[in-house]
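There are 2 protein chains.
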Amino acid sequence: MELLDETDLKILRILQENAKLTTKEIADQLHLTASPVYERVRRLEKKGYIKNYVAILDKKKLNRPVTAICMVSLRYHNEGFIDTFERQIKELVEVQECYHMAGKVDFFLKIHLESLEMYHEFVRSKLSKIANIGVLESYFVLKEIYATTAIDI
Amino acid sequence: MELLDETDLKILRILQENAKLTTKEIADQLHLTASPVYERVRRLEKKGYIKNYVAILDKKKLNRPVTAICMVSLRYHNEGFIDTFERQIKELVEVQECYHMAGKVDFFLKIHLESLEMYHEFVRSKLSKIANIGVLESYFVLKEIYATTAIDI
DNA sequence: GAACAATCAGTAAATTTTTCTGAATATGGA
DNA sequence: TCCATATTCAGAAAAATTTACTGATTGTTC
Chain A
2 MELLDETDLK ILRILQENAK LTTKEIADQL HLTASPVYER VRRLEKKGYI
52 KNYVAILDKK KLNRPVTAIC MVSLRYHNEG FIDTFERQIK ELVEVQECYH
102 MAGKVDFFLK IHLESLEMYH EFVRSKLSKI ANIGVLESYF VLKEIYATTA
152 IDI
Chain B
2 MELLDETDLK ILRILQENAK LTTKEIADQL HLTASPVYER VRRLEKKGYI
52 KNYVAILDKK KLNRPVTAIC MVSLRYHNEG FIDTFERQIK ELVEVQECYH
102 MAGKVDFFLK IHLESLEMYH EFVRSKLSKI ANIGVLESYF VLKEIYATTA
152 IDI
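Protein chains in written order, with this note's numbering: chain A, 2 to 154; chain B, 2 to 154.
Derived from the structure by calculation, the hints contain no laboratory data.
Hints should not be assumed to be uniformly reliable.
Copies of the same chain are indistinguishable here, so a pair counts whether it falls within one copy or spans any two.
[As the list claims (entries may be wrong)] Cut-off 30 Å, straight-line C-alpha distance, at most; resulting in silico cross-link-like pairs (DSS-like, lysine-lysine):
#1 LYS60 to LYS111
#2 LYS62 to LYS52
#3 LYS48 to LYS130
#4 LYS47 to LYS144
#5 LYS130 to LYS52
#6 LYS47 to LYS130
#7 LYS48 to LYS127
#8 LYS105 to LYS25
#9 LYS111 to LYS61
#10 LYS62 to LYS11
#11 LYS61 to LYS25
#12 LYS111 to LYS130
Work the whole structure out from these sequences, hints included.
Below, the structure written as structure tokens:
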């Protein structure tokens, strides 16, 4: 069951840049008609290659100009402690991404906030309330050089 | 010119989770008809609150299971050096995000790849070819605990 | 309270999505 | 090589959605 040919990849490349194109517009780019493109997109959705479609908002216009990167190391690394940490992190609405890392740092967080003061408040009243945090290092984004949700396929 | 009321925010919250809902479906959630929802969405697009619409793909299914975080410090920090670095980074298709940071680390990269071997090759043949890199620290994602493109508004 | 602006509901046309059918092409054995 | 099968595509038609427009209602300001 061969699943992805070059046409599928082209469709995915287009959709991850602009999901509002009509099947007709995509079809024109690929020199096809709307039918095969429509069927392929549905199959790519169904098979899970396309996870979902989202609107990307302007963080600055919506008053979330501060992006912080936070590196967390736990004090104890038993399975229970790690699971608990993960569960508590998911509750924090400010956290956009959280990764469990290999190496001296255990977790990696990306956080969007209104201001540096709000970050201080976030750490004071939420992050530091989570038990078992050993080291917590904060970094701040000065400028977004490049950021996309697309992957190179 | 008051621009965003609670209805606008609700629409944005919905669209950044699922951009494929019809205006009718959104309208039902808000106890409105399609007309005002349609007009509001168009205004939110036009005013730039919505930057674009994208499809989110499944990295593992598309054979990009390795996510690396890379912290780069430059050797020299003249304006020219920084601009050059930024320009060169944007050329690397593997790099999904690049931020200029405050503090001891200058740049922060998120990179999606096929394998650890490909990361090695990426550093060897591309990253290290960029002049003026001082320190380069690599971290690898063991597990994605939580990741969204939505912001808390 | 009158004039103005903003928001909404409803309607209809244009466009797109969705479903279906049949033709063309490719594939895999015998 | 030829036949049977599966896959992919184009085209058409129905269903649904988008888009544009109108008028009514509500809210605001002076």
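To see whether the hints hold, each was checked on the structure:
no., hint, in the structure
1, LYS60 to LYS111, "both (13 Å within a copy, 19 Å between copies)"
2, LYS62 to LYS52, "both (27 Å within a copy, 10 Å between copies)"
3, LYS48 to LYS130, "neither (41 Å within a copy, 39 Å between copies)"
4, LYS47 to LYS144, "between (37 Å within a copy, 24 Å between copies)"
5, LYS130 to LYS52, "neither (33 Å within a copy, 35 Å between copies)"
6, LYS47 to LYS130, "neither (41 Å within a copy, 41 Å between copies)"
7, LYS48 to LYS127, "neither (38 Å within a copy, 34 Å between copies)"
8, LYS105 to LYS25, "neither (50 Å within a copy, 50 Å between copies)"
9, LYS111 to LYS61, "both (16 Å within a copy, 21 Å between copies)"
10, LYS62 to LYS11, "between (32 Å within a copy, 16 Å between copies)"
11, LYS61 to LYS25, "between (34 Å within a copy, 29 Å between copies)"
12, LYS111 to LYS130, "both (18 Å within a copy, 28 Å between copies)"
Comparing the model with each earlier hint shows violations of hints 3, 5, 6, 7, 8; every other hint is respected.
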